[in-house]
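Undergrad: Going line by line, the protein sequences match chains A and B. Residues 0 to 272 in numbering that gives the first Met the number 0 are what the first sequence spells out, letter by letter. Residues 0 to 261 in numbering that gives the first Met the number 0 are what the second sequence spells out, letter by letter.
Derived by calculation from the structure, the hints in this document are not laboratory data. In this text, all values refer to a predicted model and were calculated from it rather than measured experimentally. Even glycine gets a Cβ: it sits at the ideal position worked out from N, Cα and C. Do not rely on the hints blindly, as some may be mistaken.
Just the calculated beta-carbon pair ranges, DEER-fashion [as the list claims (entries may be wrong)]: (1) A/L242 x B/E131: 50 to 58 Å; (2) A/S87 x B/E131: 34 to 42 Å; (3) B/E131 x A/N202: 53 to 61 Å; (4) A/S87 x B/V23: 25 to 33 Å; (5) B/Q76 x A/I90: 29 to 37 Å; (6) A/D142 x B/A237: 38 to 46 Å.
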Amino acid sequence: MRIARASVERVILPLALAAAILGGWQLYVALSGINEILLPPPSKVAAALWSDRSLLATDAWVTIREIVYGYLIAVAFGVALATLIHSSRLIERALYPWLVVSQMIPIPAVAPIFVLWTGFDIRPKLMVIALVCFFPIVVNTIDGLRAVDTELLDLLRTLGASRVQRFRLARVPAALPFIFSGLKVSAAFSVLGAVFGEWVGANSGLGYEILVLNNQSATSDMFAVIVLLSVIGIGMFALVASLERLMLPWYYEARRERRDTPRRVVLPQGEAA
Amino acid sequence: MEAKLRTENISKVFPGAGPGRPSVRALEGIDIEAADGQFVSIVGPSGGGKSTLFNILAGLIEPTSGRVYLDGHPAEQLLGRLGYMPQKDLLMPWRSVLDNTTLGLEISGVPRRNARKRALEDFPRFGLTGFENGWPASLSGGMRQRAALLRTFLVGREVMLLDEPFGALDALTRQEMQAWLLEIWHADRKTILFVTHDVEEAVFLSDRVYVLSGRPGRVVLQVDVDIERPRPLSVTTAPQFIELKRQLLEPLLQRMSPAETT
Chain A
0 MRIARASVER VILPLALAAA ILGGWQLYVA LSGINEILLP PPSKVAAALW SDRSLLATDA
60 WVTIREIVYG YLIAVAFGVA LATLIHSSRL IERALYPWLV VSQMIPIPAV APIFVLWTGF
120 DIRPKLMVIA LVCFFPIVVN TIDGLRAVDT ELLDLLRTLG ASRVQRFRLA RVPAALPFIF
180 SGLKVSAAFS VLGAVFGEWV GANSGLGYEI LVLNNQSATS DMFAVIVLLS VIGIGMFALV
240 ASLERLMLPW YYEARRERRD TPRRVVLPQG EAA
Chain B
0 MEAKLRTENI SKVFPGAGPG RPSVRALEGI DIEAADGQFV SIVGPSGGGK STLFNILAGL
60 IEPTSGRVYL DGHPAEQLLG RLGYMPQKDL LMPWRSVLDN TTLGLEISGV PRRNARKRAL
120 EDFPRFGLTG FENGWPASLS GGMRQRAALL RTFLVGREVM LLDEPFGALD ALTRQEMQAW
180 LLEIWHADRK TILFVTHDVE EAVFLSDRVY VLSGRPGRVV LQVDVDIERP RPLSVTTAPQ
240 FIELKRQLLE PLLQRMSPAE TT
């Protein structure tokens, strides 16, 4: 019963809040007489979403493809780089500062250069998305690989485990919750990267559509595109989060257990309650 | 008879952490021995180098001087020779209880199916039946220690080092675990080296007890426990038991109240 109520609360409450905000918005536009080109009411946005659906679906598909491929490149590159950095102190010293520097690059500013290099196809978008997404993955993976209990590594040594075995049996599984934290942050960033990528040179996609609609002052259609982009972002995040639940059942089990057990009073050794 | 395990004059000095920091003498001239199938305990104050001694015996660190003999032969490489159960259970939260216990077998190349089969045979007497596929997070403190001990047992080393395995358990569970450990030990007759700071625990379990002083750790007393086995829990109130406890406590208490020693 308690669980059922908790999940109802988890679904109902945010939906109720969203409904209240949308209702307030609609009411405000109607009552204040604000120009609908500045702020279209939610009903107009929904109408635009519906009437433009086939065009938007084509553009959404273009953007989703960019996001998925760019994200996968970032994951592969990020995890590989983190493993490399973890493997050697020298490599870490040499690479890590530049890793941080890479994040100081204003990405919208370099995006046109990517277009210059590769043209108007999907490649510059993938580069921008990967550049935006790989950093949280690298940093979290490095932290994760270091997070393992050194006593566990010692125990594995007494059991005769080689360096590779210790990495596979202890470091990687201990790192996975960290890696997934990075993956989730990056999933949220990926949409941002796609929009930047399309802004500097594209002839389709939702980011490109924003520019076109902006020139036409088609505000309600722009809002419709923003809604779609957000939905894609939420979808990416949800996908990664579900994958995490699937791959780390032990992690969620332990977390749930901690939440369910009432807090214990810590007594001196040998008297623990 | 040649001792199963013997140490000769083991000392360990840790260099100071950084310039100007004094080095730490953790162990000095440790001579201990355990015959085949013997249960030997080492008691001493915390920080007295007991865990350092175990780390040396497990091959994780090198002694500054001294030697370890196994079956009468000087052991050059100790890593992987003795079974080692550290203070923390160190169960992997991402492996099921069963897969935790087979860890050592898996590392030594035993196929997973065989490893699991062997582990499962021991699950009943380790009191883990029914928890094979659970996560370690679902086990009680006592069960976690039993699972960790099974992991050590299955590797099949003849000498096992148990570092305060019951230190974090409540008094009642602890007594149960002690009686249970004796049963297991009776059945398998492995040589056990057991670290504890609890004198009563040491006397109850052991054939011989070494008392280590505080830093640097030296053997200040060695007592053979001639109480016949099997030992019921009631033995802890027998006069002979209490006398042994008194003997062992003496050097430990002296250290704590230096005013009385003069």
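Undergrad: At the C-beta level, are B/Q76 and A/I90 separated by a distance inside 29 to 37 Å?
TA: holds (30 Å)
Undergrad: Using the C-beta atoms of B/E131 and A/N202, is the stated range 53 to 61 Å upheld?
TA: Roughly 59 Å apart at Cβ, these two residues keep to the hinted range, so it holds.
Undergrad: Should the hint that A/D142 and B/A237 are 38 to 46 Å apart at their CB atoms be regarded as holding?
TA: Since the Cβ atoms of A/D142 and B/A237 sit about 55 Å apart, the hinted range of 38 to 46 Å is violated.
Undergrad: Using the C-beta atoms of A/S87 and B/E131, is the stated range 34 to 42 Å upheld?
TA: Between A/S87 and B/E131, where Cβ atoms are some 40 Å apart, the hint holds.
Undergrad: Does the Cβ-Cβ separation between A/S87 and B/V23 fall within 25 to 33 Å?
TA: holds (30 Å)
Undergrad: Could one say that the CB atoms of A/L242 and B/E131 fall in the range 50 to 58 Å?
TA: violated (27 Å)
When the structure is compared with the earlier hints, violations turn up for hints 1 and 6 and for no others.
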